[in-house]
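Residue numbers (the working numbering), protein chains in the order written: chain Z, 1 to 318; chain U, 1001 to 1677.
Misleading hints may appear alongside valid ones.
Short, incomplete list of chain Z residues facing chain U, as computed with Cβ under 10 Å [stated by the list, open to error]: (1) 23; (2) 53; (3) 54; (4) 116; (5) 129; (6) 220.
No lab work stands behind these hints, which were simulated from the structure alone. Just so you know, even glycine gets a beta-carbon here, dropped at the ideal spot from N, CA and C.
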Amino acid sequence: MVVVSDILVQSIQMLLVLVLAPLLTGFVRKVKARLVRRQGPSVFQPYRDLLRLLRKEVVLADNASWLFRVTPYVTFAAIWVAAALVPTFATGLLFNWTADLIAIVALLGSARFFLALAGMDVGTSFGGIGSSREVMIAALAEPAMLLMVFCVALVAGSTQLSTVADFLASSYVGLRVSLGMALVSLVMVALAENARIPVDNPATHLELTMVHEAMVLEYSGRHLAMIEFGAFLKLLLYISLIACVFFPWKIAVFGTGPLAYAIGAAIYLVKLAVAGFLLAMFETATAKMRVFRVPQFLGAALMLGLLGTLLLFVSRSF
Amino acid sequence: MNSAVVISPVALQMSGVAALLVTAILAIALSRSERATAVIYGATLAICAAALFGALRALLGDAANSSTLILPVGLPWLGAHFRLDALASFFLVVVNLGGAAASLYGLGYGHHEPSPHRVLPFFPAFLAGMNLVVLADDAFSYLLCWEFMSLASWALVMAHHREPGNAKAGYVYLVMASFGTLSLLLAFGLLAGPAGDYGFAAIRAAAHTPYVAALVLILMLLGAGSKAGLVPLHVWLPLAHPAAPSHVSALMSGVMTKVAIYGFIRVVFDLLGPPNWSASVIVLFLGSITAVLGILYAMMENDLKRLLAYSTIENIGIIFVSLGLALAFQANGLKLAAALAFTAALFHVLNHSFFKSLLFFGAGAVLNSTGERDMDKLGGLIHRMPFTSFAVLVGCVAISALPPFNGFVSEWLMFQAVLQSPDLPQWALKIMVPAVGAMLALAAALAAATFVKAYGVTFLGRPRSTAAETANEVDRYSLAAMFILAVLCLLGGILPGLVIDALSPVAVEILGGRMPIQANEAWLSIAPIAESRSSYNGLLVMMFIAISASLTVFFIHRFASHALRRGPAWGCGFSDAVPAAQYSGASFAQPIRRVFGTMVFHARDHVEMPPPGDIRPARLRIELHDLIWEGMYAPIAGAVAVSSEWLNQLQFLTIRRYLSLVFATLVTLLLVLAIWS
Chain Z
1 MVVVSDILVQ SIQMLLVLVL APLLTGFVRK VKARLVRRQG PSVFQPYRDL LRLLRKEVVL
61 ADNASWLFRV TPYVTFAAIW VAAALVPTFA TGLLFNWTAD LIAIVALLGS ARFFLALAGM
121 DVGTSFGGIG SSREVMIAAL AEPAMLLMVF CVALVAGSTQ LSTVADFLAS SYVGLRVSLG
181 MALVSLVMVA LAENARIPVD NPATHLELTM VHEAMVLEYS GRHLAMIEFG AFLKLLLYIS
241 LIACVFFPWK IAVFGTGPLA YAIGAAIYLV KLAVAGFLLA MFETATAKMR VFRVPQFLGA
301 ALMLGLLGTL LLFVSRSF
Chain U
1001 MNSAVVISPV ALQMSGVAAL LVTAILAIAL SRSERATAVI YGATLAICAA ALFGALRALL
1061 GDAANSSTLI LPVGLPWLGA HFRLDALASF FLVVVNLGGA AASLYGLGYG HHEPSPHRVL
1121 PFFPAFLAGM NLVVLADDAF SYLLCWEFMS LASWALVMAH HREPGNAKAG YVYLVMASFG
1181 TLSLLLAFGL LAGPAGDYGF AAIRAAAHTP YVAALVLILM LLGAGSKAGL VPLHVWLPLA
1241 HPAAPSHVSA LMSGVMTKVA IYGFIRVVFD LLGPPNWSAS VIVLFLGSIT AVLGILYAMM
1301 ENDLKRLLAY STIENIGIIF VSLGLALAFQ ANGLKLAAAL AFTAALFHVL NHSFFKSLLF
1361 FGAGAVLNST GERDMDKLGG LIHRMPFTSF AVLVGCVAIS ALPPFNGFVS EWLMFQAVLQ
1421 SPDLPQWALK IMVPAVGAML ALAAALAAAT FVKAYGVTFL GRPRSTAAET ANEVDRYSLA
1481 AMFILAVLCL LGGILPGLVI DALSPVAVEI LGGRMPIQAN EAWLSIAPIA ESRSSYNGLL
1541 VMMFIAISAS LTVFFIHRFA SHALRRGPAW GCGFSDAVPA AQYSGASFAQ PIRRVFGTMV
1601 FHARDHVEMP PPGDIRPARL RIELHDLIWE GMYAPIAGAV AVSSEWLNQL QFLTIRRYLS
1661 LVFATLVTLL LVLAIWS
């Protein structure tokens, strides 16, 4: 019976991320609209968008291959699995040990690989420009991400997210400069990976500066719905990751019963709301940068990760 | 005498080698006949499969006790020693698996060979050479077999010697191979010492001074490194590997570079005794530079086979980084971490032999059906060659180190080894290893970018030439070879625990330590140190992706609209009518060229805009410099040319001058002798 309840909790998490992801994006959009004194669409608009897209017909380019049609499902599934493996309201869920932080990042890499290929499939210039820039940004973001992982793993002695969260939730970690640097580094990488301002603009279309939106330009109907949903999930994943590693406050430890889970879930919602609000604030206050300024931005993230690691070594030896 | 004759495993492997050599001779006799291709490749397939079976049995079975064989050839006072231990068995598995796959591929591919008599005799000889290098157990036979392997592969590179560029490729290869052998010769000379005992057993037993150990390490990096493609000794590799027929390219890239790595491991880890930690610094440095530079070169390349050859350089760099980590941990007595890094290196050796062979087979299939290697003349092959493109897609995902395939597992193990670096006592290593880890991540991400480019430009989009438009699927043998390797890539990714356990005898033999037994982990997951630190389960990851993808598909098909309409591409309302206007290889590489290329290649884009009124099209010219070739090889080649030009004058002297020259030389030598004593 224990196994059944374990599977149940794990399934709840899988469904929870699925249900919350569009809401988070809707919330961010709403806050952004309010910040510039617009009314803005309802926070539930992303759900309506998805449903509308699902009901629409797919217009497929003449020479699109099977890869183009399979990619939305593959990327969505890969991101969903990755999102379900990041602890949200509780640590130590049944399948948490399936993949550690490095593997979760690599799963997102698999999703991006297929999406970039799909951008090349129809053979238009927009797809190519989007794909080539997306892989360039990824090539810069991944080393920064790894150094961040390295820094956190040095503190917690593990790359297993549940272990990291449990360790950092325990009181004796205290405040550390290295962790602060790692946090800034992760936030910068997360902005780049989610195609947010200042790296990319999720709201534009038909602009040469766009990256992610150019890559998926040829998609329509249910395929586009899957890709949009994947993007919502990815944002939720990164925010959950930041929350679980750096702010594991009140996250429920596995097996502590329904009440702890409920508290964990409520606190998790609060964390999401705060993070979404901060993201909207930041995006409203910042301008998008030129594509070829992105290397400097991500280079700074890389250096922060490296500095954090070196500081840890230095502070340990004294 | 009625006791059954027991043949030792090494004798079995040697009989396989003998069979390969007989096949080579048979090929000379048969080479003009119609059926030679089928007979020779069929024979090598059977022999490699048998040798693979034998090597697997030796590795998984009683690998602890090695078997030796002494043949009365070679140096008269030494004989030729051959030995099969766990390390040799593992590399024999790599060699013969690659050989069997290449033979299977050759059964189909070989029929398109314009001059089979230039390929068939050397192919079995090359396989035999690689087997012999791994089996050799004394320095003399080792060098002899090494040269045999080099020459056989050189002959295969020169098989199509009339094609432009191939003669140069063969020449550069020959020069670099001679340089490598010279370094190895010096290394073994130092190892054997003044007593001159060339048997590996005697070298292993002898104690080496730190001075000799450092020199041998450098010589091995030069000798084995030049064969493996370590930067800056890699220049021959992207010339020679693509010049050979594609199944031979697969063998050279996927297998022969691994034989060079075997040589490095054998000497540096096994024969030299306990390592010094400073050795690891140089290996880590060279490895990480090789990984990043190799993949940047690959990204800039538009020739499919050369791109794959450059990517081989990257993977060799990754393997050397892992070996460097193993050296660092071993020098500090951290057995578990050393075993982890070492196992990761061997795992990557195996993985790279799978996916690089697969990708070269795919490139060969494309070359066969279109006659093109230039990606900018291909495109849209996913419609014309569906099976090939599926197999190549698997290879591309695997080589990009993406889960759930095998390339990811070995790189994940390397990152886990990098995370063990805080235990190292030396500050230089503490600071260096995280930076090396970041370089590994950069190389992995650039590899993904490179293979998006390679696959996207070659197989996706619209065809850019009539050849690509009218391409046909390749034969069944080639497809079978590709699909077997693709399945192996997947199996290595979802059942990594089995591979790690199979590699543990090698780690025990070389390092005296091993990773925890993975078969005990629940659900076939792997945990390099302990589950609380890190674990990964490829099988579950793949199952989760499969289940959630099928759930999604089910719900979409149950509840969403089914309507689908084909139409012209949208492209923001302006789609380019000409296929040549699609994103090409060079344009895909442009962002990365701008970020990294200005420094690494001194890349410049020149826009040539005709004046108003002129109807010529505007042109974009890309200027790239190979700084290693221009800064290192070109000056050396120039110096050799100048000095030989100068010495050439000596050939046209009068008899008087020759006589005075001889006299002067004699007097000088006598003077030297007089002063010396």
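Outcome of the hint check:
1. 23: At about 19 Å, which exceeds the 10 Å cut-off, the nearest Cβ of chain U leaves the hint on residue 23 of chain Z violated.
2. 53: holds (9 Å)
3. 54: It holds, given that the least Cβ distance between residue 54 of chain Z and chain U is near 4 Å, below 10 Å.
4. 116: holds (5 Å)
5. 129: Where the cut-off is 10 Å and the nearest Cβ of chain U is about 7 Å from residue 129 of chain Z, the hint holds.
6. 220: holds (8 Å)
Checked against the numbered hints given earlier, this structure breaks only hint 1.
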